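Enquirer: Which chain is which? The protein sequence lines are A and B, in order. Residue numbers for the first sequence follow my numbering, beginning at 1 and rising by one. Residue numbers for the second sequence follow my numbering, beginning at 1001 and rising by one.
Source of the hints: derived by calculation from the structure; they are not laboratory data. Only a predicted model underlies this, so the values are computations on that prediction, with no experimental measurement involved. One or more hints might be untrue.
Straight-line Cα separation of at most 30 Å, DSSO-like style, residue types lysine-lysine; simulated pairs [claimed, not checked]:
| # | chain 1 | residue 1 | chain 2 | residue 2 |
| --- | --- | --- | --- | --- |
| 1 | B | K1195 | A | K75 |
| 2 | A | K88 | B | K1074 |
| 3 | B | K1075 | A | K225 |
| 4 | B | K1088 | A | K155 |
| 5 | B | K1155 | A | K75 |
| 6 | A | K75 | B | K1225 |
| 7 | A | K195 | A | K88 |
| 8 | B | K1195 | B | K1088 |
| 9 | B | K1074 | A | K183 |
| 10 | A | K75 | B | K1088 |
| 11 | A | K75 | B | K1075 |
| 12 | A | K155 | B | K1195 |
| 13 | B | K1075 | A | K155 |
| 14 | B | K1195 | A | K74 |
| 15 | A | K225 | B | K1155 |
| 16 | A | K195 | B | K1195 |
| 17 | B | K1075 | A | K74 |
| 18 | A | K92 | B | K1075 |
| 19 | B | K1092 | B | K1074 |
| 20 | A | K155 | B | K1155 |
| 21 | A | K92 | B | K1225 |
| 22 | A | K92 | B | K1092 |
| 23 | B | K1155 | B | K1092 |
| 24 | B | K1155 | A | K88 |
Protein chains: 2
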Amino acid sequence: MKKSSLPLAELAAERLVEYIVDNQFEPGTRLPNEYDLAATLEVGRSTVREAVRRLAARNILEVRQGSGTYVSGKKGVADDPLGFSFIKDTYKLTQDLFEIRMLLEPRVAAKAAQFATDEDCRELERLVAAIEFSYDNGTDDHVQLDVQLHSQLAKMSGNLALDSLLPVIHQSISLINRDFKGKDLREDSRVAHRKILEAVVARDSTQAYDAMLRHILSVSTGFEK
Amino acid sequence: MKKSSLPLAELAAERLVEYIVDNQFEPGTRLPNEYDLAATLEVGRSTVREAVRRLAARNILEVRQGSGTYVSGKKGVADDPLGFSFIKDTYKLTQDLFEIRMLLEPRVAAKAAQFATDEDCRELERLVAAIEFSYDNGTDDHVQLDVQLHSQLAKMSGNLALDSLLPVIHQSISLINRDFKGKDLREDSRVAHRKILEAVVARDSTQAYDAMLRHILSVSTGFEK
Chain A
1 MKKSSLPLAE LAAERLVEYI VDNQFEPGTR LPNEYDLAAT LEVGRSTVRE
51 AVRRLAARNI LEVRQGSGTY VSGKKGVADD PLGFSFIKDT YKLTQDLFEI
101 RMLLEPRVAA KAAQFATDED CRELERLVAA IEFSYDNGTD DHVQLDVQLH
151 SQLAKMSGNL ALDSLLPVIH QSISLINRDF KGKDLREDSR VAHRKILEAV
201 VARDSTQAYD AMLRHILSVS TGFEK
Chain B
1001 MKKSSLPLAE LAAERLVEYI VDNQFEPGTR LPNEYDLAAT LEVGRSTVRE
1051 AVRRLAARNI LEVRQGSGTY VSGKKGVADD PLGFSFIKDT YKLTQDLFEI
1101 RMLLEPRVAA KAAQFATDED CRELERLVAA IEFSYDNGTD DHVQLDVQLH
1151 SQLAKMSGNL ALDSLLPVIH QSISLINRDF KGKDLREDSR VAHRKILEAV
1201 VARDSTQAYD AMLRHILSVS TGFEK
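Build out the structure end to end from the sequences listed, making use of the hints.
Expert: Structure below.
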């Protein structure tokens, strides 16, 4: 690591983030080439390279070999952003993540019901059906689809911070417990997801709140020792 | 970036994290030198360097020039881990972060009151007094001390995930609103902090819950347009 170039590269990285935000570049947007970026950011090309490297490490950019540099679909959310891989007691951590879900998600469901568009409802319905299909066919897809279902509700809630945070919490629970073989929760979840969907489609916030609270309490017991 | 070394470096980085967790290295622990690490991880020294670089980017390690590589005090929590610097509507984001605080922190205070040791109470008292000192002397210290006060309560709550998450939420609010000159909340906060402290010292969970809820609702109005 060249000592002297580090603060400059950090500065260039900050400018590059500003440039992306100001231009409202969506995920998947291709950045201008190194030469043009160097001119825009008013730094040398080696500094641009180091800045891009740093932003790639933070999941803000994605370097595709031989193709160019793109705005990452991970929207700057780091892998394991909260350092959970550092916590040794994964059983306690899982319980604690469920406690957070219990506090946040009933309100998320209530707001999702309040703000749902018809298109949102169709997307929820699609995810619920895909999870059921995975249950019926004995595939593991339902794990990631479940993260998507709850992330979709977070997005629908309109809370920008929860839209970033909830996927991280769900992803953490599924990663930590990848090899966990506890109580089979598929039948419970099948019923619960349908109840949540029904409440959202009916734009019934209190029903959505209650259905989500029951779902989380029920699923969390499946992870008990 | 050397293409071929990347997956190996990532693997070495994962092994290095395991090594740190298994040995329960505390923040500030100095790692063995590159030569010994290469032997432990069964990779070459250039791969060790790349792995260290990646873990430093993730705030898991800290490279001190001329001194060595240490376990970072940031415990793997990335800078801006949830990508909030990407969100353009910072006013909405601030409101949404307060909504999360409102959902999480009353329970944090209740559990802190339940589990508080005498030493915890002394630390809380110290932070409350330091914030008052900063108010009285017109310094800006109270901003960071306030983050510390709420982080200390999260730690006392015993929830491992909240212990990582709440400092991030507080830090984000103070960073986003660095230049914000809204309603002066110092007198409100002075009273509220004393009420929370009193409830925790009395091990009164419901009182702590209520005092925290009132505090957050009151502070959040200070950020309204």
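Enquirer: Could you run down the list of hints and mark each one as holding or not?
Expert: Hints versus structure:
1. B/K1195 x A/K75: violated (39 Å)
2. A/K88 x B/K1074: holds (16 Å)
3. B/K1075 x A/K225: Holds - the C-alpha atoms of A/K225 and B/K1075 are around 27 Å apart, at most 30 Å.
4. B/K1088 x A/K155: Holds, at about 16 Å.
5. B/K1155 x A/K75: holds (29 Å)
6. A/K75 x B/K1225: holds (27 Å)
7. A/K195 x A/K88: At roughly 36 Å apart (the allowed maximum being 30 Å), A/K88 and A/K195 break the hint.
8. B/K1195 x B/K1088: Violated, at about 36 Å.
9. B/K1074 x A/K183: violated (36 Å)
10. A/K75 x B/K1088: holds (13 Å)
11. A/K75 x B/K1075: OK: A/K75 and B/K1075 at ~22 Å, within 30 Å.
12. A/K155 x B/K1195: Violated: A/K155 and B/K1195 sit about 36 Å apart, past 30 Å.
13. B/K1075 x A/K155: Holds: B/K1075 and A/K155 sit about 29 Å apart, inside 30 Å.
14. B/K1195 x A/K74: Not OK: B/K1195 and A/K74 at ~41 Å, beyond 30 Å, violated.
15. A/K225 x B/K1155: Holds. A/K225 to B/K1155 sits at ~24 Å (cutoff 30 Å).
16. A/K195 x B/K1195: Measuring from Cα to Cα gives roughly 41 Å; hence the hint is violated.
17. B/K1075 x A/K74: Distance of about 21 Å is within 30 Å: holds.
18. A/K92 x B/K1075: holds (18 Å)
19. B/K1092 x B/K1074: Given pair B/K1092, B/K1074 holds - Cα atoms ~28 Å apart, limit 30 Å.
20. A/K155 x B/K1155: The given pair, whose Cα atoms are some 29 Å apart, holds under the 30 Å limit.
21. A/K92 x B/K1225: Violated, at roughly 41 Å.
22. A/K92 x B/K1092: The given pair, whose Cα atoms are some 33 Å apart, is violated under the 30 Å limit.
23. B/K1155 x B/K1092: Answer holds: B/K1155 to B/K1092 is near 28 Å, not above 30 Å.
24. B/K1155 x A/K88: Status holds; Cα separation ~16 Å.
Checked against the numbered hints listed earlier, the structure breaks hints 1, 7, 8, 9, 12, 14, 16, 21, 22; every other hint is satisfied.
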